[in-house]
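Sequences and hints are given; from them, build the entire structure.
Letter by letter, the chains look like this.
Protein chains: 2
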Amino acid sequence: MTKQERAARTRDALIKSAAREFDEHGYALAKLSTISSGAGVSPGALHFHFENKAAIAAAVEGEASTALRRTCRIVYRHRSNALQNLADTSHALARLLREDVVARAGFRLSCSHGCRTDLNLRQEWQSCVLQRLAEAADEGLLATGIGSQQDLARTIVAATVGLEALCRDNPEWLSPGTVTGLWRTLLPMLTDPGTLAGLEPAGSPAATPRARVPVG
Amino acid sequence: MTKQERAARTRDALIKSAAREFDEHGYALAKLSTISSGAGVSPGALHFHFENKAAIAAAVEGEASTALRRTCRIVYRHRSNALQNLADTSHALARLLREDVVARAGFRLSCSHGCRTDLNLRQEWQSCVLQRLAEAADEGLLATGIGSQQDLARTIVAATVGLEALCRDNPEWLSPGTVTGLWRTLLPMLTDPGTLAGLEPAGSPAATPRARVPVG
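Protein chains in written order, with the UniProt record's numbering: chain A, 1 to 216; chain B, 1 to 216.
Rather than coming from a laboratory, the hints here were simulated on the basis of the structure.
Owing to the predicted nature of the structure, the values given are computational and were not obtained by experimental measurement.
Incorrect hints may appear among the rest.
[What the hints assert, rightly or not] Within a straight-line C-alpha distance of at most 25 Å, the following computed BS3-like cross-link-like pairs (lysine-lysine) qualify:
| no. | chain 1 | residue 1 | chain 2 | residue 2 |
| --- | --- | --- | --- | --- |
| 1 | A | K3 | A | K16 |
| 2 | B | K53 | B | K31 |
| 3 | B | K31 | A | K53 |
| 4 | B | K16 | B | K3 |
| 5 | A | K53 | A | K16 |
| 6 | B | K53 | B | K16 |
| 7 | A | K31 | B | K3 |
| 8 | A | K16 | A | K31 |
| 9 | A | K31 | A | K53 |
| 10 | B | K53 | A | K53 |
| 11 | B | K16 | B | K31 |
| 12 | B | K53 | A | K31 |
As structure tokens, then:
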């Protein structure tokens, strides 16, 4: 392993350890000494990579943003229509937030007040919802007589942001079952029964592959 | 003013000042010196009333819980039916959270992790939603063919909790207009068009009196 490779590996370990510490105690109470020992390095090694707590938090946010945006792009590639893509994207993001501590901690840091960078990942999600609804309107998927697109977008944003907030107390709120239940409730208010029949509230298998259950 | 009255007044001023400090900086970063000076008293006077930061946070939570529960009871007294009462209650609570810093800070303290008391006001709201939906079912208000009551309750809880979370960045999310938009979206998915025609997404005037606009 070259010197550069070792440095990159240490930096990654510090980011992951910091994410665990921020996830558990929040930014204000996170301790640099716990972060360095969690990464198996000295406080000096931490300071070689990051000037202070704000710098390491910015790095966690940056990694989270990369992972969350990449997830959205991958799901978009398997896009069948805008409404299914919206449900699929929420499932994929929920899974990432459940399983990846860096994505979860970075997302929360970027939304917390007194925040240190210009990132606001909740704001990006809101733009994504608005964009998909506009596409759904273009694709003729939205039922006639439904409320204003702005009301619908705000309801979807509020409900999904609410799942993430509630999940901090109880991870069940971001489980596949709860996210599916949300779309079972919301999709019928967005589209007519004909379109609804072709939509999968649990996410389309192509866009959100699940572990295969062996048969027999 | 008797000695007791003065003490009660100082205690109230400290709770309000603490709420402002928690609201602005969060529990971890809140400073006792700012709380005492904000109440116009010495640090010694603060410590006469409250042993430490946890004790004053618990007092803020207690006051918030009293105000939020009282609001729910008052709205319940003007109850026409369970669905209207659910919308009315959310409007009244949103107004309290917007206008009363003690209710807002106490609500947030009770939901934040690492929390110090047994109160969880978000959990109480969740119970209230479940209760109203069960009543709506008893009253024959829920449309046939809608999703499971559990899915509906979770969607309403997630959307309303989401509004409160989003409001931390932008108060517009708890404005009467946004809360009304939420119910314009959610009510049609809960009930049939006949019942819907009698419901007021902006809240019924009896239960959520608004400032009168002078005419002419």
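* Would you pick out the hints that fail for this structure and give their numbers low to high? => Violated: hint 7 alone.
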